[in-house]
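Chemist: Sequence:
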Amino acid sequence: MESDLSRNDHLEYIKWLDSQKRRSKDQSVYIFGQIYYPAEKNIHVCTVPRALVRTLKLSITEMGGNAHWMGPVSSMYLDGTGMSEAAVIQRSGNKYSFMKVQNNSFGMGTVTFSGGIAKVASTSDSSDEITLAALGLENLT
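Under this note's numbering, think of the first position of the sequence shown as 314, with each following residue one higher.
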């Protein structure tokens, strides 16, 4: 987050980023965002198609339940555990994509392995070392 931008500026930027996606202009979406306090360094954003939300709400209601938004699944995994530090890691070949919460900051990126050695391909952290340590991989470099 940029400290000199207003809340509306942030919302407009998020909407602009969403407009850059290759989605049909006919597909309407909800945009949800979450800020991790006290750091407030970034906003965790997800978009959900309105048709999916409508279908889920209808299905839940028809089954006698009440629909409540509980956040994106990544927030459920990261925040729902009650742990101050958590990560969600997804493997694809020798590449691992991750989302994490550490020190009240949301982070994400990709780590690859070659010959058993971990290498940060991308990260939102200020250094590769922070990423590797957060994922317990600092000794695999």
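Treat the hints with care, since some could be wrong.
Unchecked claim - Taking lysine-lysine pairs in the DSS-like style, the calculated list, with each CA pair at most 30 Å apart, reads:
(1) Lys-370 - Lys-408
(2) Lys-408 - Lys-432
(3) Lys-432 - Lys-370
(4) Lys-334 - Lys-370
(5) Lys-338 - Lys-328
(6) Lys-370 - Lys-328
(7) Lys-338 - Lys-432
Said to hold, decoys possible - Ranges between beta-carbon positions, derived for each pair:
(8) Ile-402 - Trp-382: 21 to 27 Å
(9) Ser-319 - Met-376: 30 to 36 Å
(10) Leu-365 - Lys-328: 27 to 33 Å
Hints listed in this document are in silico derivations from the structure and should not be mistaken for laboratory results.
In this text, a Cβ means the ideal position worked out from N, Cα and C, and glycines have one as well.
Chemist: Now tell me, hint by hint, if it's right for this structure.
Modeler: Here's how the hints hold up against the structure:
{"no.": "1", "hint": "Lys-370 - Lys-408", "verdict": "violated (36 Å)"}
{"no.": "2", "hint": "Lys-408 - Lys-432", "verdict": "holds (10 Å)"}
{"no.": "3", "hint": "Lys-432 - Lys-370", "verdict": "violated (42 Å)"}
{"no.": "4", "hint": "Lys-334 - Lys-370", "verdict": "holds (26 Å)"}
{"no.": "5", "hint": "Lys-338 - Lys-328", "verdict": "holds (13 Å)"}
{"no.": "6", "hint": "Lys-370 - Lys-328", "verdict": "holds (24 Å)"}
{"no.": "7", "hint": "Lys-338 - Lys-432", "verdict": "violated (38 Å)"}
{"no.": "8", "hint": "Ile-402 - Trp-382: 21 to 27 Å", "verdict": "holds (25 Å)"}
{"no.": "9", "hint": "Ser-319 - Met-376: 30 to 36 Å", "verdict": "violated (42 Å)"}
{"no.": "10", "hint": "Leu-365 - Lys-328: 27 to 33 Å", "verdict": "violated (19 Å)"}
Hints 1, 3, 7, 9, 10 from the earlier list are contradicted by this structure; the remaining hints agree with it.
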